[in-house]
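Asker: Residue numbers (the working numbering), protein chains in the order written: chain G, 1 to 599; chain S, 600 to 758.
Please note that the accuracy of each hint is not assured.
[Claimed, not checked] Simulated restraints, written as ranges between beta carbons of each label pair:
(1) G:Gly30 <-> S:Glu635: 34 to 40 Å
(2) G:Glu538 <-> S:Gly605: 52 to 58 Å
(3) G:Ser18 <-> S:Gly605: 15 to 21 Å
(4) G:Glu96 <-> S:Asn606: 39 to 45 Å
(5) S:Phe664 <-> G:Glu288: 39 to 45 Å
(6) S:Arg755 <-> G:Ala95: 57 to 63 Å
[What the hints assert, rightly or not] A few chain S positions that, by computed beta-carbon distances, are all more than 10 Å from chain G:
(7) Leu607
(8) Phe636
(9) Phe644
(10) Ile645
(11) Ile655
(12) Glu657
(13) Phe664
(14) Ser685
(15) Asp687
Treat the hints as calculated values from the structure; they're not laboratory data.
Backbone N, C-alpha and C define an ideal beta-carbon position, used for all residues, glycine too.
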Amino acid sequence: MSEMIKVNIDGIEVEVESGATVLSACEKAGVKVPVLCHHPDLNVAGVCRVCMVEIEGMGNLQASCAYPVTQPLTVKTKTNRVRKARRMNLDLVLAEHYGDCYTCPRNGNCELRTLADEYGVDKFKFPHVDKPRYAKDTKSFSIIRDQDKCIHCKRCIRTCIDMQKVNVYETANKGHDVEIQVALNKSIADVVCINCGQCVNRCPTGALWTQDVSDQVWEDIENPDLFVIMQTAPSPRAAIGEEFGYPPGTRVTKKLNAAMRRAGFDKVLDTNFAADLTIMEEGTELLERLHKVIVKKDKSVKIPMFTSCSPGWVKFIEHYYPDHLDHLSTCKSPQQMYGAVIKTYYAEKIGIDPSKIRTVALMPCSAKKYECNRPEMNASGYRDVDYGLTTREMAMMLKEAGLHLADMPTEEFDPVLGEGSGAGMIFGATGGVMEAAIRTVYELVTGRPVPFERLNITPVRGMEAIKEASLKLEKVKKEYKWLEGVELKIAVAHGTANAKILMDKLVDGTLDYHFIEVMACPGGCLGGGGQPIPTTPEIRKARANAIYQEDEEIEIRKSHENPLIQKLYKEFLGKPGSHKSHELLHTHYTKRGQYFVKD
Amino acid sequence: MECRDGNLVSFVEGTVEKYGKGRENLLPVLREVNEEFGFVSGAAFIEISRVMDISIGEIHGVASFYSFINEEDRGKYVIRLCKTISCDMAGKEKIEKTFERELGIKFGESTKDGLFALDYANCMGLCDKAPAMLVNSQLYDSLTPESVLDIISECRRKI
Numbered sequence: 001m002s003e004m005i006k007v008n009i010d011g012i013e014v015e016v017e018s019g020a021t022v023l024s025a026c027e028k029a030g031v032k033v034p035v036l037c038h039h040p041d042l043n044v045a046g047v048c049r050v051c052m053v054e055i056e057g058m059g060n061l062q063a064s065c066a067y068p069v070t071q072p073l074t075v076k077t078k079t080n081r082v083r084k085a086r087r088m089n090l091d092l093v094l095a096e097h098y099g100d101c102y103t104c105p106r107n108g109n110c111e112l113r114t115l116a117d118e119y120g121v122d123k124f125k126f127p128h129v130d131k132p133r134y135a136k137d138t139k140s141f142s143i144i145r146d147q148d149k150c151i152h153c154k155r156c157i158r159t160c161i162d163m164q165k166v167n168v169y170e171t172a173n174k175g176h177d178v179e180i181q182v183a184l185n186k187s188i189a190d191v192v193c194i195n196c197g198q199c200v201n202r203c204p205t206g207a208l209w210t211q212d213v214s215d216q217v218w219e220d221i222e223n224p225d226l227f228v229i230m231q232t233a234p235s236p237r238a239a240i241g242e243e244f245g246y247p248p249g250t251r252v253t254k255k256l257n258a259a260m261r262r263a264g265f266d267k268v269l270d271t272n273f274a275a276d277l278t279i280m281e282e283g284t285e286l287l288e289r290l291h292k293v294i295v296k297k298d299k300s301v302k303i304p305m306f307t308s309c310s311p312g313w314v315k316f317i318e319h320y321y322p323d324h325l326d327h328l329s330t331c332k333s334p335q336q337m338y339g340a341v342i343k344t345y346y347a348e349k350i351g352i353d354p355s356k357i358r359t360v361a362l363m364p365c366s367a368k369k370y371e372c373n374r375p376e377m378n379a380s381g382y383r384d385v386d387y388g389l390t391t392r393e394m395a396m397m398l399k400e401a402g403l404h405l406a407d408m409p410t411e412e413f414d415p416v417l418g419e420g421s422g423a424g425m426i427f428g429a430t431g432g433v434m435e436a437a438i439r440t441v442y443e444l445v446t447g448r449p450v451p452f453e454r455l456n457i458t459p460v461r462g463m464e465a466i467k468e469a470s471l472k473l474e475k476v477k478k479e480y481k482w483l484e485g486v487e488l489k490i491a492v493a494h495g496t497a498n499a500k501i502l503m504d505k506l507v508d509g510t511l512d513y514h515f516i517e518v519m520a521c522p523g524g525c526l527g528g529g530g531q532p533i534p535t536t537p538e539i540r541k542a543r544a545n546a547i548y549q550e551d552e553e554i555e556i557r558k559s560h561e562n563p564l565i566q567k568l569y570k571e572f573l574g575k576p577g578s579h580k581s582h583e584l585l586h587t588h589y590t591k592r593g594q595y596f597v598k599d
Numbered sequence: 600m601e602c603r604d605g606n607l608v609s610f611v612e613g614t615v616e617k618y619g620k621g622r623e624n625l626l627p628v629l630r631e632v633n634e635e636f637g638f639v640s641g642a643a644f645i646e647i648s649r650v651m652d653i654s655i656g657e658i659h660g661v662a663s664f665y666s667f668i669n670e671e672d673r674g675k676y677v678i679r680l681c682k683t684i685s686c687d688m689a690g691k692e693k694i695e696k697t698f699e700r701e702l703g704i705k706f707g708e709s710t711k712d713g714l715f716a717l718d719y720a721n722c723m724g725l726c727d728k729a730p731a732m733l734v735n736s737q738l739y740d741s742l743t744p745e746s747v748l749d750i751i752s753e754c755r756r757k758i
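For reference, chain G alone in the conformation it holds in the complex:
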């Protein structure tokens, strides 16, 4: 542990590690300092200068987010000099910002507007931009850019380059002409963007947003000829409460069910069911691959197998590692599997023509919008999923309809394909897909439940960058004799930067695992780009707790024990990995390469 240094903040003494920033000392002292370019997930930038403080013995004011503590300091955060400097810097930021607040998606949740309010900005000190200067980039299925709102804080750049290693954004030009651009000033739809939406979640203003489809959803709800089915993923349920003033980690699943029914959705289903289905298919695929590799020595079959539930991750590997797509599981994500099953099996069960069904998916994710628009995702003859809504958009829809979660009764999901297991629930957290898969695969192979207390496979839980575990398969069932004594090696990575570490090892030939879970967003889906803003490390932990709690409370905690899944296979699909399963529930990938998307 490094040396502890005393810092006096407005008379409050705290000790911080040498090298920690003055801002973190202020946080420790409980002194609030305004920030704009700083974000707890990101590297230091120090560009906005609104976090200025006065440090005794220094001539100039310092940006507290960037100033490291290396000796005892006395800091003042509330002097007139500090206050005026912050106000001046804020005025300068505002001078460049086209503030069309009424029509801005961040109205009510804009960090710039909040600061302007807190600092009593009552006039524009400098000439103000009163007309838009840029055309909005709305070409992408997922991400919208409105450069007029950009204040050059570079959070998106740091998110894309440092945090996600996707490298879409750049700072172009210099001085007064600086702009945040997408490579060569192209549309974000035409570059290597993976649609993870992490930049949207970090943006302090409305410069970045997701493609909002709620108007089309409202139209379809009102159309008497259409039957609109909602499926909700676990992560939005653990987070949407935040949009209604609940603390992070509040579980509102059943209240949300009621609210969505009142909003007009004809059926409300649980994506966890499809997550269970994914586990059945993916688990079977893993065992098939292992059989081909271990027994048949088939060189064309690739191990490790990577999960394919995260559409951001799928597009990442398509762009950056197009020669390694054979390592991706061919399983569609739960969202798409569900869509395909709804428009075939479920349509028949409820007796509705699938052409009249519209499926809407409530997801924590902006990449799901792109995923449901992939041309190959139409196995039933119709679009598997018609619309992907983010947690934020759903909250907006409910607010628009006057449906406040606090006023809602609790309601269950609709039956037939209604319920998922606890294994499906934990898909929302990093390590969750792996844990769910292992609960099923281990039991399938050995006939015994996984050797972990209360089925909680703790080595794959938590927010570590890359988690590894291994599990020895012993006393296996006789049909799995070939797996006797095999040590199943698994790894879990969250955030594409961590996935890249694994992929680079794969390219070098030094990656020694059987099965790897990757989720494109830090923390997994619960930290997705469609989740409420802000999302921070603490908030992600709270959401993960909510998800794991819900898992423990669900009676069935293994995908293969979900009776509805068993019924679906019996009545419709046959068995996991069957021809019909492959037709409906599996997909293929596209080699995209690192440069521009074909026009």
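We have chain G; now place chain S onto it with these hints.
Answerer: What follows is chain S alone, placed relative to chain G:
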């Protein structure tokens, strides 16, 4: 993706080989490409990115920071007239007008025949011999409307 030009590919590969793949060598590579082709095209950005394994965004971010790296074909002779105060006081405006009248274009534009482009530059440290300008990398000082006409015809003769 834009059509790949064999010349460009081999030039970029050769230049990167000369300097090395490290990020610190990006600027010299950009300069050489700019000098060879007169500008760094979209295709050139892709090639540099591929060969040096640096993202296009980062390369374009660097290139766009420098006004001497062009992103389009400006013309054979890029004229950069100093716009700062000493040159301004020494009669920059007359020089400006002479250029615009003689070439039939405004500053910031290029002639249709692809021969000349007019631009401004910041101080070149030739305040004692103002007004000053650059034609490509060649310095000219103590400019008068007459000397400007001579320089233009000299350029025309050279092609």
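Asker: Would you mind marking each hint as holding or not holding in the structure?
Answerer: Results for each hint:
no., hint, result
1, G:Gly30 <-> S:Glu635: 34 to 40 Å, "60 Å, violated"
2, G:Glu538 <-> S:Gly605: 52 to 58 Å, "55 Å, holds"
3, G:Ser18 <-> S:Gly605: 15 to 21 Å, "56 Å, violated"
4, G:Glu96 <-> S:Asn606: 39 to 45 Å, "42 Å, holds"
5, S:Phe664 <-> G:Glu288: 39 to 45 Å, "53 Å, violated"
6, S:Arg755 <-> G:Ala95: 57 to 63 Å, "46 Å, violated"
7, Leu607, "14 Å, holds"
8, Phe636, "16 Å, holds"
9, Phe644, "6 Å, violated"
10, Ile645, "5 Å, violated"
11, Ile655, "4 Å, violated"
12, Glu657, "6 Å, violated"
13, Phe664, "5 Å, violated"
14, Ser685, "21 Å, holds"
15, Asp687, "20 Å, holds"
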